[in-house]
Amino acid sequence: MASAFLKIQTGETKTQPLICQRPEYRYMPKKRMYVCPIEAAMDVIGGKWKPHILWKIKDAPLRFGAIQEKLPAISQKMLTRQLRALEADSLVSRTEYPGMPPRVEYALTERGQSVIPILSSLKDWADEELADQINEHE
Numbered sequence: 001m002a003s004a005f006l007k008i009q010t011g012e013t014k015t016q017p018l019i020c021q022r023p024e025y026r027y028m029p030k031k032r033m034y035v036c037p038i039e040a041a042m043d044v045i046g047g048k049w050k051p052h053i054l055w056k057i058k059d060a061p062l063r064f065g066a067i068q069e070k071l072p073a074i075s076q077k078m079l080t081r082q083l084r085a086l087e088a089d090s091l092v093s094r095t096e097y098p099g100m101p102p103r104v105e106y107a108l109t110e111r112g113q114s115v116i117p118i119l120s121s122l123k124d125w126a127d128e129e130l131a132d133q134i135n136e137h138e
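Residues in the sequence shown are numbered from 1 upward in steps of one, following the UniProt record's numbering.
Each statement offered as a hint is correct.
In silico lysine-lysine, DSSO-like type, Cα no more than 30 angstroms apart, as pairs:
{"#": "1", "residue 1": "Lys123", "residue 2": "Lys70"}
{"#": "2", "residue 1": "Lys123", "residue 2": "Lys77"}
{"#": "3", "residue 1": "Lys56", "residue 2": "Lys123"}
{"#": "4", "residue 1": "Lys77", "residue 2": "Lys56"}
Simulated from the structure, these hints should not be mistaken for laboratory data.
Full structure from sequences and hints, please.
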C-alpha cells in the first residue's frame, strides 16, 4: 500500500498509510492528536488486556476479584492500570457501594457497549482464521 506524508502540528513529518489520511485533525480525550482514526481507536481499546476486560464485563457488572478470576494471567497491578485507563476513556464505570468490606463493581458504559459489536466481529474473524490454520495443518 502506498504511503502519504502528513504534517503534524509539531512540524514533524510522519508516514501514514493512505487509509489513515484525513484532511482534518482529530482530538481524543487524552489530548493527543491523531491523524488516523484506526490509531485513535487502537489507543483506546488496543493492547493485550483491554479487549479481554471489556469482553468479560459485557454481560454484567463485575467486581475486581471476579475480573481477575476470569483473567488469571493478568497481575493485580496491570488490571488496576487497565481498568483506570478504560474508565478514563469512558468505556467502563466504577461504582462503589458502602459497607464492610467496601464493594466496587465495574460495568460497561454506553460508550463501552458500543465497542462490543466491534470485538464480536474481531472474534468471529479470529475464529475463521484459526479454523483455516488448523485445516492447513491437517
